[in-house]
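Starting from the structure of chain P, add chain D where the hints point.
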Amino acid sequence: MRPVLEYILPEYINYWFEVGIGKFIRVFWYFVIFEFTRYIILDYLVAGWFRLKKKKRAERWETARRALWNEHPFISIIVPGKNEGAHLYKLVKSLAEQTYQNFELIIVDDGSDDDTPIIGRNLAQKGLIDVFIRNEMRGGKASAANLALRFTKGKIIVHLDADCSFDRDAIENVIIPFYQDERIGAVGGNVKVRNYRDSLCAKLQAIEYLKTISVGRILTTQLGIYKIISGAFGAFRSDVIESIGGWDIGPGLDGDITVKIRKSGFKTVFEPSAVCLTNAPSKFKVLTKQRLRWDKSIIRFRVRKHKDVYLPNANFNWSNFFALFENVFYNVILDITWWLYIIDMCIHFNSSLKFIIPMNLTLYTVVGFVQMTSAYIFSERRKEELCLWPYLPLMSFYTGMYLRFVRTRAYYQEFVFRKSYDDPWNPVKSSIQAKLNGF
Amino acid sequence: MVLKSISRPAHQQHFEYEGLYFAQVNRASQLSDPFILDKDGIFVESSRSEEVQQILKQVRGSDNPLLYLKPVFVKSIKLPAHLVALSDGAVNDENLRRVAKKTIGINQQIALVDRQARKSDFKEETLLKAVQFIFTRRQPLKPFRNRKAMCGYLFPFLNAYLPASENLRIIDILEKARKEELLSGKILDKINLCQACDSAFLNFRETCTKCHSIDLVTEDLIHHFRCAYVGPASDFKQGDDLVCPKCDKSLRHIGIDYDKPSEIFNCQTCNHQSQEAPMKAACADCGNEMELSYISSKNIGTYQLTAQGEKLATQGFKNNGIDLNERSLPVGTIGWEFFRIMHQQEKERVRMTGHLSLVGVIQLDTGQFEFLGADSKEKLRQEIVRIVRPYLRSVDVLSSKNFSTYAFLLPETTVPEARQLQETLAFNLQKLIGHNLAIGSKAMQVKLSKINA
Numbered sequence: 432m433r434p435v436l437e438y439i440l441p442e443y444i445n446y447w448f449e450v451g452i453g454k455f456i457r458v459f460w461y462f463v464i465f466e467f468t469r470y471i472i473l474d475y476l477v478a479g480w481f482r483l484k485k486k487k488r489a490e491r492w493e494t495a496r497r498a499l500w501n502e503h504p505f506i507s508i509i510v511p512g513k514n515e516g517a518h519l520y521k522l523v524k525s526l527a528e529q530t531y532q533n534f535e536l537i538i539v540d541d542g543s544d545d546d547t548p549i550i551g552r553n554l555a556q557k558g559l560i561d562v563f564i565r566n567e568m569r570g571g572k573a574s575a576a577n578l579a580l581r582f583t584k585g586k587i588i589v590h591l592d593a594d595c596s597f598d599r600d601a602i603e604n605v606i607i608p609f610y611q612d613e614r615i616g617a618v619g620g621n622v623k624v625r626n627y628r629d630s631l632c633a634k635l636q637a638i639e640y641l642k643t644i645s646v647g648r649i650l651t652t653q654l655g656i657y658k659i660i661s662g663a664f665g666a667f668r669s670d671v672i673e674s675i676g677g678w679d680i681g682p683g684l685d686g687d688i689t690v691k692i693r694k695s696g697f698k699t700v701f702e703p704s705a706v707c708l709t710n711a712p713s714k715f716k717v718l719t720k721q722r723l724r725w726d727k728s729i730i731r732f733r734v735r736k737h738k739d740v741y742l743p744n745a746n747f748n749w750s751n752f753f754a755l756f757e758n759v760f761y762n763v764i765l766d767i768t769w770w771l772y773i774i775d776m777c778i779h780f781n782s783s784l785k786f787i788i789p790m791n792l793t794l795y796t797v798v799g800f801v802q803m804t805s806a807y808i809f810s811e812r813r814k815e816e817l818c819l820w821p822y823l824p825l826m827s828f829y830t831g832m833y834l835r836f837v838r839t840r841a842y843y844q845e846f847v848f849r850k851s852y853d854d855p856w857n858p859v860k861s862s863i864q865a866k867l868n869g870f
Numbered sequence: 176m177v178l179k180s181i182s183r184p185a186h187q188q189h190f191e192y193e194g195l196y197f198a199q200v201n202r203a204s205q206l207s208d209p210f211i212l213d214k215d216g217i218f219v220e221s222s223r224s225e226e227v228q229q230i231l232k233q234v235r236g237s238d239n240p241l242l243y244l245k246p247v248f249v250k251s252i253k254l255p256a257h258l259v260a261l262s263d264g265a266v267n268d269e270n271l272r273r274v275a276k277k278t279i280g281i282n283q284q285i286a287l288v289d290r291q292a293r294k295s296d297f298k299e300e301t302l303l304k305a306v307q308f309i310f311t312r313r314q315p316l317k318p319f320r321n322r323k324a325m326c327g328y329l330f331p332f333l334n335a336y337l338p339a340s341e342n343l344r345i346i347d348i349l350e351k352a353r354k355e356e357l358l359s360g361k362i363l364d365k366i367n368l369c370q371a372c373d374s375a376f377l378n379f380r381e382t383c384t385k386c387h388s389i390d391l392v393t394e395d396l397i398h399h400f401r402c403a404y405v406g407p408a409s410d411f412k413q414g415d416d417l418v419c420p421k422c423d424k425s426l427r428h429i430g431i432d433y434d435k436p437s438e439i440f441n442c443q444t445c446n447h448q449s450q451e452a453p454m455k456a457a458c459a460d461c462g463n464e465m466e467l468s469y470i471s472s473k474n475i476g477t478y479q480l481t482a483q484g485e486k487l488a489t490q491g492f493k494n495n496g497i498d499l500n501e502r503s504l505p506v507g508t509i510g511w512e513f514f515r516i517m518h519q520q521e522k523e524r525v526r527m528t529g530h531l532s533l534v535g536v537i538q539l540d541t542g543q544f545e546f547l548g549a550d551s552k553e554k555l556r557q558e559i560v561r562i563v564r565p566y567l568r569s570v571d572v573l574s575s576k577n578f579s580t581y582a583f584l585l586p587e588t589t590v591p592e593a594r595q596l597q598e599t600l601a602f603n604l605q606k607l608i609g610h611n612l613a614i615g616s617k618a619m620q621v622k623l624s625k626i627n628a
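Taken in sequence, the protein lines are chains P and D. Just add 431 to wherever you are in the first sequence, counting from 1, and you've got the working numbering. Just add 175 to wherever you are in the second sequence, counting from 1, and you've got the working numbering.
Bound conformation, chain P alone:
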């Protein structure tokens, strides 16, 4: 300890005082240009804007809420899934607690090989599920969602994952935005991690969800470039979703349908008060598989399938362009740039790495705390989420390294081998057709 305090620490501080601001920016150009501006400056500017318009937003919200209750529309909740039987009773109980009750619940069992059909039929017989549909052959999540869509009678379709539970006002809050602006075609709910106490892996994801979903999506909504409605909790106008032909083959079908809705001329917004809790993977092995799938879908859908968004054509729309560009830029381009940054450091500042790496970690940790503060400002579960704060220093390793490695691997596999078509998440028969037709 003594040598650290007497020699290493003073030398480290002295080094950074001596390099000056110019060299500091040169060394940490990646952090200053991309991370700091995006995750600190933009976050706080939008947070400030959000705060400033709080009163007006509350008035608009109240007017929309009254309009909703005046009309009291019938809505359809659809839950497609495979082997989700164990979650169905909890889901039904969670929905029974909702403040908004004028809904039908439609569950599609996509070729489950467990007790899901028995459980589903039992709940349907007891009147806890309105429609239970069983497909003997698995067709994939998109086909199951489309089948459910066929049976819906509601004006608004709410798509849920079976393993989610909801705040009592979640359903009401996710449909109120439709009464704020008739150009809104879809609303994304606020998905948070329920099992954050289970493991370190779940805790780090809980922090990530708070920062990227809760805060990140408020920001993108404010900028009009919100581009992913989570499959776990999203609401869609039935006429809009029918006009675009429902869901297409995944993985990544939730992002895909959001882009389709945007391309058809409707707005997509995020509603932070519509809170849904879900179980995140509690092991890094499972998380890696999930993230590989998610990251591959960015290339498959954002870069390939919807490439027309970037081209100057008759349907060109700046907000759609920025929505997808922001997504591709901050994920794909910055991932490549980060590797260039690492190479740059190794070549030009090889002898100073012993000062640069600790400073980098320090910067990211500080930024982590600042970002968490903005998440804290927006959160409705501040007290419960306080237990996540001690884990913030680990986020530099989690997002800065672990997720980046996973992302790089996913992009490489998808760019070079189109690996997403081999993902067992979809049945082979569908993947073959998707690959053949370039979806």
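Treat each hint with caution, since some may be false.
FRET-style restraints, in silico, Cβ to Cβ [what the hints assert, rightly or not]: (1) D:386 with P:849: 34 to 40 angstroms; (2) P:804 with D:386: 54 to 60 angstroms; (3) D:546 with P:628: 57 to 63 angstroms; (4) D:590 with P:546: 51 to 57 angstroms; (5) P:567 with D:364: 30 to 36 angstroms.
Sample of chain D residues with no beta-carbon within 10 angstroms of chain P, all distances over it, derived [claimed, not checked]: (6) 355; (7) 451; (8) 582; (9) 626.
Below, computed lysine to aspartate or glutamate pairings styled on EDC-like, alpha-carbon distance capped at 20 angstroms [unchecked claim]: (10) D:421 with P:673; (11) P:557 with D:466; (12) P:785 with P:775; (13) P:736 with D:423.
Hints were generated in silico from the structure; no laboratory data involved. A quick note: this is a predicted structure, and the numbers were derived from the prediction, not measured. Glycine is no exception: its CB is placed at the ideal position from the N, C-alpha and C atoms.
Here is chain D on its own, set in the frame of chain P:
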């Protein structure tokens, strides 16, 4: 050899063959002549099948074992299978030796049967006749399909003295005897019975979950792999082709372009689409429509004697210690007659000791339960006993006369306790009949009274 009658008065004609004497009967009225009982067998001689049928039924339907067990052979006409089963076969000039041999065999067995056996009621009488018939014929009792029988089957020998509508009682008695190991058997069929009239002629139909209409059309669901569209086949049909309504592509090859993951029911009455089409049954006899859970089923089988059954045939009930009435009592109850004796005894006790003792009666309004079949009534009886018994103490006595009348003695219960018990029983029993049979609370009463000397 030619069959020849021995010259006698017309009503006492008989035929002799190798020391065996057969009464020759051509009219049912001849059966009342006691001379027939002395013969080794009966030859039925009539060219009219109705007359033959009547004679056979009268023989087998008799109360006298010497007559109903008598070997009977039909001469001259061919009978339908179930009537053949009432006789012991046909007789003609060619098969006399075989008939004689069979007659000797049957009579040897009849000699072993207890012909004076006690028969206290219908159940005992039916069972005794059944075991005696199986024992003397040394062949199983077989059911015959018959459209005129409510349950679709007849046991000719037992049905001879009962109308076809009583078949179910026979089946119940035989099945009960099988469970009690008096009979053994092989199940040939299972019949489903109407909840209201016990008819086995039910029509099963799939119905709409929403409007209960039977006008349903089944359609395949088609999943187009390319675009993940899923919908009924009618969505895809364009003439002879299948074209996806979402992406306008032709579906060429099942398994490659598309598959059919399930089926869907379209209701032609209310347009409701569903994968569920609950099956309902409609009775062809009374028209009652019911859910399948309300249908009771019964086994139809052939029956043979067990060792215990043979004992019953040869020794009767009195030597067997078998009392069917006591056996059929619900668990936790005593017989009605025994209860009456205990009630008298309790009266006596109250008179001598001045002790407080109470008696309770549960009475169902039989009129409101008329729609229940015999089986359902028995189930209701068992269920009521199952509910009442746990509320009674070990010293209390419960009895049920039939499905609608129950009585219980409360020799050690105070009046407030009894009132509480009365309320509890009334609440629970009303719930039972209200929830399961949708009958109002007035259909049942629980009454309490003090036993007065």
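Broken hints, by number: 1, 7
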